[in-house]
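Chain by chain, the residues run as shown.
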Amino acid sequence: MNYQLQINNITKSYGDLKANDDVSLNIKPSSIHALLGENGAGKSTLVKVIYGSLLPDRGEMKWLGKSYSPKNPFDAREQGIAMVFQHFSLFESLTVEENIVLGLDGVRLDENFTEKIIKYSKQYGLDINPHQVVGDLSVGARQRVEIIRCLMQNPKLLIMDEPTSVLTPQEVSDLFITLRKLADDGCSILYISHKLEEVRQICSEATILRGGKLVENCIPQEHTQQELAEMMIGKKLIQLARSNINSGEDIFSINNLSRKSDDMFGVDLKSISLSVMKGSIVGIAGVAGNGQDELMELLIGEITSPPGTLSFKGNDIGNLNSHQRRELSMFFIPEERLGHGAVPDMGLNENMLLSRPQKSEMTSYGVIDWQNVETLTQKVISDFDVQTFSTKMLAKSLSGGNLQKFMVGRELIQNPELLIVAQPTWGVDAGSANNIHQALIALADQGSAILIISQDLDEILSLCEQIHVLSEGSLSTAVDMTNKGLEKISQLMVGSED
Amino acid sequence: MIRLIPRVENSTAMILLSPLLALTLTAISAYLIFVSILVDIEVSSVFYTLFVEPLTDSYYLSELLVKAAPLMIIALGLSIGFRAGVWNIGAEGQYVIGGIAGSAVGLYFYDVEGFWIIPLMALAGILGGMFYAGIAAFLKTRYQVNEILVTLMLTYVAVLFLSAMLQGPLRNPSGFNFPESRLFHDSALLPIIWEGTRLHIGLVVAIILSLIAWFGIKKHIFGMQIKISGSAPRAAKFAGFNDNKTVWYSLLISGGLAGLAGLFEAAGPAGQLTPGLPQFYGFTAIIVAFLARLHPIGVLFSSLLIALSYVGGENVQIDYDLPKSITQIFQGMLLFYFLACDILIKYKVVLFKTI
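Quick note, the sequences are listed as chains V and S, same order. Taking the working numbering, the leading residue of the first sequence gets 4, the next gets one more, and so forth. Taking the working numbering, the leading residue of the second sequence gets 5, the next gets one more, and so forth.
Hint data in this document are derived by calculation from the structure and do not stem from the laboratory. Each hint should be verified, as a subset may be incorrect.
The calculated EDC-like cross-link candidates involving lysine to aspartate or glutamate, where the alpha carbons are at most 20 angstroms apart (straight line), are [unchecked claim]:
#1 V:316 with V:200
#2 S:352 with V:19
#3 S:352 with V:348
#4 S:223 with V:377
#5 S:222 with V:348
#6 V:362 with V:414
#7 V:399 with S:346
#8 S:223 with V:483
#9 V:281 with V:468
#10 S:222 with V:19
Pairwise CB distance ranges, derived in the manner of DEER restraints [said to hold, decoys possible]:
#11 S:249 with V:168: 38 to 48 angstroms
#12 V:375 with S:201: 45 to 55 angstroms
#13 S:249 with V:261: 49 to 59 angstroms
#14 V:60 with S:328: 57 to 67 angstroms
#15 S:249 with V:256: 23 to 33 angstroms
#16 S:15 with V:225: 50 to 60 angstroms
#17 V:219 with S:354: 48 to 58 angstroms
#18 S:15 with V:222: 50 to 60 angstroms
#19 S:119 with V:370: 29 to 39 angstroms
#20 S:353 with V:228: 45 to 55 angstroms
#21 S:351 with V:370: 48 to 58 angstroms
#22 S:17 with V:18: 53 to 63 angstroms
#23 S:19 with V:18: 21 to 31 angstroms
Some chain S residues well away from chain V (every beta-carbon gap over 10 angstroms; in silico) [what the hints assert, rightly or not]:
#24 37
#25 57
#26 113
#27 150
#28 157
#29 173
#30 174
#31 225
#32 232
#33 244
#34 328
#35 355
Being a predicted model, the structure only gives us computed values, none of them experimental. Just so you know, even glycine gets a beta-carbon here, dropped at the ideal spot from N, CA and C.
All chains, full assembly: derive it from the sequences and hints.
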């Protein structure tokens, strides 16, 4: 069989760590090939080797039948391998066509060029206006710009790194149409993801990595999502289920909360209203950058709100700071771990004190009881399986997943009556995400209320009984999930209402 | 090749070893400098005069402690503010204003006897320093004006204000128009704790203050507040700390302590208010604070070390006719090596062969 790209026994080490250990995979022409794995499984390393930004220690590659060892990304592009990165490299103040021309060599921006952009955009269903300024575009549109830029180089292999992590469901299905067309036209695609349902939908082959090693080359449709996930994390997943949905009266409500953003690129919040019942999990879905950060600041109390807009257990809390809100048993987990939810240069024990309520066993009259802090930190570490050498380990030395587990544990140990959490599993590996979800469900089963702000729709759908969508600073009413719920959410996410 | 690899936990061994390493490197560099510039003078004897002699004689020792006391008091305040990322560079100015305010109280009660006069002067000194640093706090919290510029520039204003006061209201009426105040009467002079020397109660106060500051930083949530505000402002908000309050606290504490040190200097070794009050203690205390790694107990030691360089430096000026800059070179090198060596606390050095 003629393979487009053959990778044989690639090994790449960083010191003692083998980021890729004897990895082989073959990409067929016109195929969409998934590269699956958790964070740290070695996906990025392998891609960097293919794209020429890393030299492997051992192993060889063949591209279109010939020996292939790119010295740099330029070399790789020259030979027909293009890549769309997870983080886009576009200039916000320039137009689409200017951005595209900047990324290419030996072309000028003229009418022919613009026409060529339009041609590609029609051919592959990549809806884009070449004259628009990139700063005004949605994330999905920016990704389309990146794809067109790659296509202009006539690639034979397109590498896509986590392409759907920031897209709405509608944008995802548009993207899939484009990708299928591309594959039919002879451009194979290496599709990096950890979203298993998507992989089963669109990929014809899958290579699964774990801890730098190849676990399996398989056909994703022959396995269930559960099986793929278990191959990926190397252990059994626990099924999520609420054992006890017993929601009581409203415990927390937001009433007509508006806020003008003080940041030039911020989003204004427009009269947001929402209520959360005891024992229920409420989700706010939406693409990042639609007001989530602004809302979270108000909910935590980093910025005060006008009277009457926030109420918790019958108290008007708009004027309270986070410390005083915690005193009422309201706890928070912000999205940003380092520098917001935790201080990077302080040990876990010191970080424990960040979210202490006013009356806490950790302090009395402001004097810190380090003995109790130590005990509590130990408890969080053991209860939430945080991998660390000691309680004094610096927050920045922990992996993202571990630090997230610590932060979730730190709040849950206070038995919050209301927990407000943003992106609970952002950048967290599947195993840890599963643990965190379980812990949240257990908390709600106990009768506490939870408000989740997340752009991971799967997460919202699997956890929440009541779902709202935040789009351009406006919050929708609760979506009725019984009748075409997903479709409605998708429409609300892109801001179109019916 | 040498490579620095971040440690997962700060190294306790290095926290203790790095100052010794820095001292050794400073000594080696100082030796090399002396060897290259000194003609006909034994380098070892200069070293002896610089570092050892001040410790062998009770007069020198007492002078060393006299110089260490104001450095300690000012550096304690600065170290608290620096932890919070509030850069009060103008402790010298607050020191001067504190000195003027406290002295004015002493002069107002001239010839009045009473144990309460010294505490009242100290209070006035603290309030004077607080007021002066408070200007910077107000401008920063209200108008986001950079406190580095405000405090630094106000230092020059303070020195001019001192000279205006000494030529005007505070001038000694029977002092032949010299710009000096009256000599303070006994009740307005600090008690001497070492008979026959100039060593005054200020040293005891400095040690007590450093213990209080240590408690505040290690054991009280206030220490966490300033530390977090300095290193992660958003996390400070998350924890419910008010960042304006942190700025106010930092400046009021460092300003108040600098003011107290100024009054102690006037009511202690000087015994009157003179144009010679500002002696760069406010600036040198910045070095002291950093040498101590902003640790209140460390300040006790680093101020002694810097005071040693002052006394030793004066001695080599007298004995060997060397320039005054020797002291500054020494202090500069010390700070440089301390900061450089501290990288070993957070990083480990790994040697590896290149291919």
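Comparing the hints with the structure gives:
{"no.": "1", "hint": "V:316 with V:200", "verdict": "violated (40 angstroms)"}
{"no.": "2", "hint": "S:352 with V:19", "verdict": "holds (16 angstroms)"}
{"no.": "3", "hint": "S:352 with V:348", "verdict": "holds (16 angstroms)"}
{"no.": "4", "hint": "S:223 with V:377", "verdict": "holds (13 angstroms)"}
{"no.": "5", "hint": "S:222 with V:348", "verdict": "holds (16 angstroms)"}
{"no.": "6", "hint": "V:362 with V:414", "verdict": "holds (15 angstroms)"}
{"no.": "7", "hint": "V:399 with S:346", "verdict": "holds (19 angstroms)"}
{"no.": "8", "hint": "S:223 with V:483", "verdict": "violated (52 angstroms)"}
{"no.": "9", "hint": "V:281 with V:468", "verdict": "holds (12 angstroms)"}
{"no.": "10", "hint": "S:222 with V:19", "verdict": "violated (38 angstroms)"}
{"no.": "11", "hint": "S:249 with V:168: 38 to 48 angstroms", "verdict": "holds (40 angstroms)"}
{"no.": "12", "hint": "V:375 with S:201: 45 to 55 angstroms", "verdict": "holds (47 angstroms)"}
{"no.": "13", "hint": "S:249 with V:261: 49 to 59 angstroms", "verdict": "violated (28 angstroms)"}
{"no.": "14", "hint": "V:60 with S:328: 57 to 67 angstroms", "verdict": "holds (59 angstroms)"}
{"no.": "15", "hint": "S:249 with V:256: 23 to 33 angstroms", "verdict": "holds (30 angstroms)"}
{"no.": "16", "hint": "S:15 with V:225: 50 to 60 angstroms", "verdict": "holds (52 angstroms)"}
{"no.": "17", "hint": "V:219 with S:354: 48 to 58 angstroms", "verdict": "violated (36 angstroms)"}
{"no.": "18", "hint": "S:15 with V:222: 50 to 60 angstroms", "verdict": "holds (51 angstroms)"}
{"no.": "19", "hint": "S:119 with V:370: 29 to 39 angstroms", "verdict": "holds (32 angstroms)"}
{"no.": "20", "hint": "S:353 with V:228: 45 to 55 angstroms", "verdict": "holds (48 angstroms)"}
{"no.": "21", "hint": "S:351 with V:370: 48 to 58 angstroms", "verdict": "violated (33 angstroms)"}
{"no.": "22", "hint": "S:17 with V:18: 53 to 63 angstroms", "verdict": "violated (23 angstroms)"}
{"no.": "23", "hint": "S:19 with V:18: 21 to 31 angstroms", "verdict": "holds (26 angstroms)"}
{"no.": "24", "hint": "37", "verdict": "holds (35 angstroms)"}
{"no.": "25", "hint": "57", "verdict": "holds (41 angstroms)"}
{"no.": "26", "hint": "113", "verdict": "holds (37 angstroms)"}
{"no.": "27", "hint": "150", "verdict": "holds (20 angstroms)"}
{"no.": "28", "hint": "157", "verdict": "holds (29 angstroms)"}
{"no.": "29", "hint": "173", "verdict": "holds (42 angstroms)"}
{"no.": "30", "hint": "174", "verdict": "holds (41 angstroms)"}
{"no.": "31", "hint": "225", "verdict": "violated (5 angstroms)"}
{"no.": "32", "hint": "232", "verdict": "violated (6 angstroms)"}
{"no.": "33", "hint": "244", "verdict": "violated (3 angstroms)"}
{"no.": "34", "hint": "328", "verdict": "holds (39 angstroms)"}
{"no.": "35", "hint": "355", "verdict": "holds (14 angstroms)"}
This entry does not satisfy hints 1, 8, 10, 13, 17, 21, 22, 31, 32, 33, going by the numbered hints stated previously.
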